[in-house]
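Peer 1: Dock chain D against chain U, hints included.
First to last, the sequence lines map onto chains U and D.
Residue numbering for the first sequence follows the numbering used here, beginning at 2 and increasing consecutively.
Residue numbering for the second sequence follows the numbering used here, beginning at -12 and increasing consecutively.
Hints are not guaranteed to be accurate.
Stated by the list, open to error - Label pairs and their calculated CB-CB ranges:
(1) D/Ala102 x U/Leu112: 52 to 60 Å
(2) D/Cys81 x U/Arg113: 47 to 55 Å
(3) U/Pro14 x D/Asp19: 25 to 33 Å
Derived by calculation from the structure, the hints in this document are not laboratory data.
A quick note: this is a predicted structure, and the numbers were derived from the prediction, not measured.
Beta carbons: idealized from backbone N, C-alpha and C, even for Gly.
Next come the chains, spelled out residue by residue.
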Amino acid sequence: MTPAAPTDPVLTPAMYLILLALLEGDRHGYAIMQSVESLTAGSTRLGPGTLYGSIRKMIEAGLIEETGERPDPQLDDERRRYYRIAAAGRKAVTAETDRLDRLVAHARPYLRAV
Amino acid sequence: MSPRKPADPAWIHIAERLYATAFFLLPKRFRDEYGDCLRQAFRDRCREVARGERSAFHALALELAPDLVTTMGREGMQTGFADMAPRQFALMGCLCVAFAGLVYRDAIAPPVLDAAVAIRNRVNEFIDLRRIEAGEANTRRIAEHLADDPDAASRALAALLYRSIAERKENPYWAPDNQNEGFYHRLPEKAHAETLRIRQLLADVLRDPDAGAYALFRAAESCVPQDGCDRAEVIARLEHADAGNGYAWTLAFAEADARNDEPGRRHALDQFALASRYDTYEGDTARRLTRAAEAMGLADEEATVTLTRNIIEADLFGEHSVLASDCIRRASARDSDGASEMAADVQAGCQRAFELMAQSSKLGPSLQGWHGLARFTGDGAVRSQAKVELRDRYWLAGWRFWQDGVYTDVPGDFHSAPERLAWQAAFRDGGGEIASLRRWFVSRGMPAHAPSDYDIPDRYLVPTVHLPWLGRESRNAATTR
Chain U
2 MTPAAPTDPV
12 LTPAMYLILL
22 ALLEGDRHGY
32 AIMQSVESLT
42 AGSTRLGPGT
52 LYGSIRKMIE
62 AGLIEETGER
72 PDPQLDDERR
82 RYYRIAAAGR
92 KAVTAETDRL
102 DRLVAHARPY
112 LRAV
Chain D
-12 MSPRKPADPA
-2 WIHIAERLYA
8 TAFFLLPKRF
18 RDEYGDCLRQ
28 AFRDRCREVA
38 RGERSAFHAL
48 ALELAPDLVT
58 TMGREGMQTG
68 FADMAPRQFA
78 LMGCLCVAFA
88 GLVYRDAIAP
98 PVLDAAVAIR
108 NRVNEFIDLR
118 RIEAGEANTR
128 RIAEHLADDP
138 DAASRALAAL
148 LYRSIAERKE
158 NPYWAPDNQN
168 EGFYHRLPEK
178 AHAETLRIRQ
188 LLADVLRDPD
198 AGAYALFRAA
208 ESCVPQDGCD
218 RAEVIARLEH
228 ADAGNGYAWT
238 LAFAEADARN
248 DEPGRRHALD
258 QFALASRYDT
268 YEGDTARRLT
278 RAAEAMGLAD
288 EEATVTLTRN
298 IIEADLFGEH
308 SVLASDCIRR
318 ASARDSDGAS
328 EMAADVQAGC
338 QRAFELMAQS
348 SKLGPSLQGW
358 HGLARFTGDG
368 AVRSQAKVEL
378 RDRYWLAGWR
388 FWQDGVYTDV
398 PGDFHSAPER
408 LAWQAAFRDG
418 GGEIASLRRW
428 FVSRGMPAHA
438 PSDYDIPDRY
448 LVPTVHLPWL
458 GRESRNAATT
468 R
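Chain U extracted, bound-state conformation (with noise of 0.2 Å):
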């Protein structure tokens, strides 16, 4: 098995799933919940206080940051704050789909013989 190296960022799933949902374009809050929802066929529905202690966390870790650009402000609440993913951020959702697209690869003959 394959160590993953030092400098990935651990991610929690819940972040993992916010920054796949970033890498469409910037989102609002319930935005980002209503991808994650979509992203996996409803299973994982993300609750107010997850969402923004993750955020909290990637802001810090300067995986996502706050943009001031609305795509349509005609359109939305001026109130609602858009995130978008940040260079640190792909990096670190490119190595963690790497590590589990290796997990992935790794389980698959098993599966197979199964």
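Peer 2: Here is chain D on its own, set in the frame of chain U:
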């Protein structure tokens, strides 16, 4: 211009407010930074419910509430202890204790339960003791009030009230004016002050040549030989004062029985057979106590009504049962040939005694009388009548019977001040316990007589010498043949 959005339902605002109320448990920094966002996301979730996309229970109870709780714990831990407010420390402590309790529940459950039960018992005991003391203080106040009255009847009743206090002190497990309340809560103690007071009051009553039957009956009930009172003398005087009253001869019989005086028993039974009525003057007692309580401004006081009721109902199967159980025991006894050991004249005396007791206005002797008649008579009509009368009296006594798989519940307890006052009003009119109880039942919307679906077990019709409420059978070792 953005399209006008439909207004949210009112419940969303209420739920959001409740949700935000719980934010005080979040670390301040997190709350300040993301509180509005949390509310916004919560509102969005609620709108899903309002649109019918989710069930309210699923969204609120299974998603949003658990999410808030886990967020509190997680953010609290990550913020660190330095930033935690005292209330958050308290919550954390509670959560830790709860968690430890959950993990070690098998080990800590028994001692914790034991401790909880012990604490509950202590609290109950404290409350009960205070209630008993309050009742006792109330009894004492009324007794003092009556003792100030120069009338012999009032002083004798005062002596009886002091006797009830002394009984409770000396035998807290079964005291006549505190049935079922003194259980397990107090150890026996000597009632020196009460004994002294009773002695003084009885001396006054017996010195009074005009003391009437009422005063002498209450004096006889208050008089206990171990307190230095000559009960035989009181009863002898009573026999002259109210010879036509069977109750006087019941007391005489019980007194002779206590001394195992067989001639005395025979004499009392013979005299009983000549009596014309059976009157314990319990209606007088109710009126006197009620009047005293009203004069003292205690009319609506729970303890006063309870005291009056207990005094009226005391001795339900006490003194009256000595003669009754003696008759029943003898009627039940058979020699080796199966013949009754009871002499014909004794049987006639007992029969007469039961007839008189059955007509008593007091519930206890009336029950005893009808029981005795049901047991003694070979007349089917009398037995049928006895069953009707016993049903009626048990109905008034408020006893419960197992009937068709359920207990027949006759509410006989006070639950409110109006019920107590209704009881007091019913007894104030006099006529004795049975008549007063009927008035009270009617005032509560209950039938004055046993309803047709109210029944009593057959065993209550034919009591043997082993009457469950007596426990004094062994006392009557001698036989009257």
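Peer 1: All hints are to be evaluated individually against the structure, with a verdict given for each.
Peer 2: A quick look at each hint next to the structure:
| no. | hint | result |
| --- | --- | --- |
| 1 | D/Ala102 x U/Leu112: 52 to 60 Å | holds (54 Å) |
| 2 | D/Cys81 x U/Arg113: 47 to 55 Å | holds (51 Å) |
| 3 | U/Pro14 x D/Asp19: 25 to 33 Å | holds (27 Å) |
When held up to the earlier numbered hints, the structure conflicts with none and fits them all.
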